[in-house]
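The residues making up each chain are set out below.
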Amino acid sequence: DTEVTQTPKHLVMGMTNKKSLKCEQHMGHRAMYWYKQKAKKPPELMFVYSYEKLSINESVPSRFSPECPNSSLLNLHLHALQPEDSALYLCASSQDTGRNYGYTFGSGTRLTVV
Amino acid sequence: RKEVEQDPGPFNVPEGATVAFNCTYSNSASQSFFWYRQDCRKEPKLLMSVYSSGNEDGRFTAQLNRASQYISLLIRDSKLSDSATYLCVVFYSGGGADGLTFGKGTHLIIQP
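Heads up: the sequence lines are chains A and B, in that order. Heads up: the first sequence begins at 1 in my numbering, then just goes up one per residue. Heads up: the second sequence begins at 1 in my numbering, then just goes up one per residue.
It is possible that part of the hints are untrue.
[What the hints assert, rightly or not] The calculated DSS-like cross-link candidates involving lysine-lysine, where the alpha carbons are at most 30 Å apart (straight line), are:
| hint | chain 1 | residue 1 | chain 2 | residue 2 |
| --- | --- | --- | --- | --- |
| 1 | B | 45 | A | 22 |
| 2 | A | 9 | A | 53 |
| 3 | A | 19 | B | 42 |
| 4 | A | 9 | B | 104 |
| 5 | A | 40 | A | 18 |
| 6 | A | 38 | A | 22 |
| 7 | B | 79 | A | 41 |
| 8 | A | 19 | B | 79 |
| 9 | A | 53 | B | 79 |
| 10 | B | 79 | A | 22 |
Quick caveat, the hints were computed from the structure, so don't treat them as lab data.
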């Protein structure tokens, strides 16, 4: 079982809906990440949180809003999404944003925007 | 500019064979190197880190050649369960974003 837990596993939402994706880890990792992955493509970084502070935002549209309530939790709030936002959303964590730390990924939320 | 390049495959290999994947990276200042495995519709999972001295984990051997900026993964005695996409991942702390750059992955199919 993965040590990074994401909920829900699947989500279908309309373009006017507001929903949230949740991610939790209890490994004491201080860096957490949101990635977006389309079919047959590698993961694309969206946000990086280091010590509960947003350190990197990769020019993601404002309809995606991250939140880090504490060191174990990471949320991604969704509002007014477009069909092209349909993808697998992966949360990951690492000990720190440093060089030799492998990332642990959650199993992802498969999002469909209709 | 393609920073991490991999042959996308698919590689169709009979069970029990040895298969090798290659990966090249463009940034000579890259610091850390990893192979991840991703099964269809699943998350990437860290397979192994890659060191200049080379490292082995069971049937898997990874090698790094910094001079040629080349990373390899060798799988011996391949099993049906090895079928997956293998992602080459390179880390550079001065790079954009979190420093991780993913290759597009090599798709491996082990045939019975």
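Verification of the hints:
A hinted pair counts as satisfied when its Cα atoms are at most 30 Å apart, and residue 45 of chain B with residue 22 of chain A qualifies at roughly 19 Å. Pair hint residue 9 of chain A plus residue 53 of chain A holds up; C-alpha atoms about 26 Å apart against a cutoff of 30 Å. Our distance criterion of 30 Å between C-alpha atoms is met by residue 19 of chain A and residue 42 of chain B, whose separation comes to about 22 Å. In summary, the hint linking residue 9 of chain A to residue 104 of chain B is supported, as the alpha carbons are separated by about 24 Å, within the 30 Å threshold.
For a cut-off of 30 Å, the pair hint linking residue 40 of chain A to residue 18 of chain A stands: about 27 Å separates their Cα positions. Annotation: proposed proximity of residue 38 of chain A to residue 22 of chain A holds, straight-line Cα distance about 19 Å (limit 30 Å). Using a Cα cut-off of 30 Å, the hinted pair residue 79 of chain B and residue 41 of chain A holds, with the two alpha carbons roughly 25 Å apart. For the proposed pair residue 19 of chain A and residue 79 of chain B, the alpha carbon gap of about 41 Å is over 30 Å, so the pair is violated.
Restraint check: the Cα-Cα separation between residue 53 of chain A and residue 79 of chain B comes to about 43 Å, which exceeds 30 Å; the hinted pair is violated. Under the criterion of a C-alpha separation no larger than 30 Å, the hint pairing residue 79 of chain B with residue 22 of chain A is inconsistent with the structure, at around 35 Å.
When the structure is compared with the earlier hints, violations turn up for hints 8, 9 and 10 and for no others.
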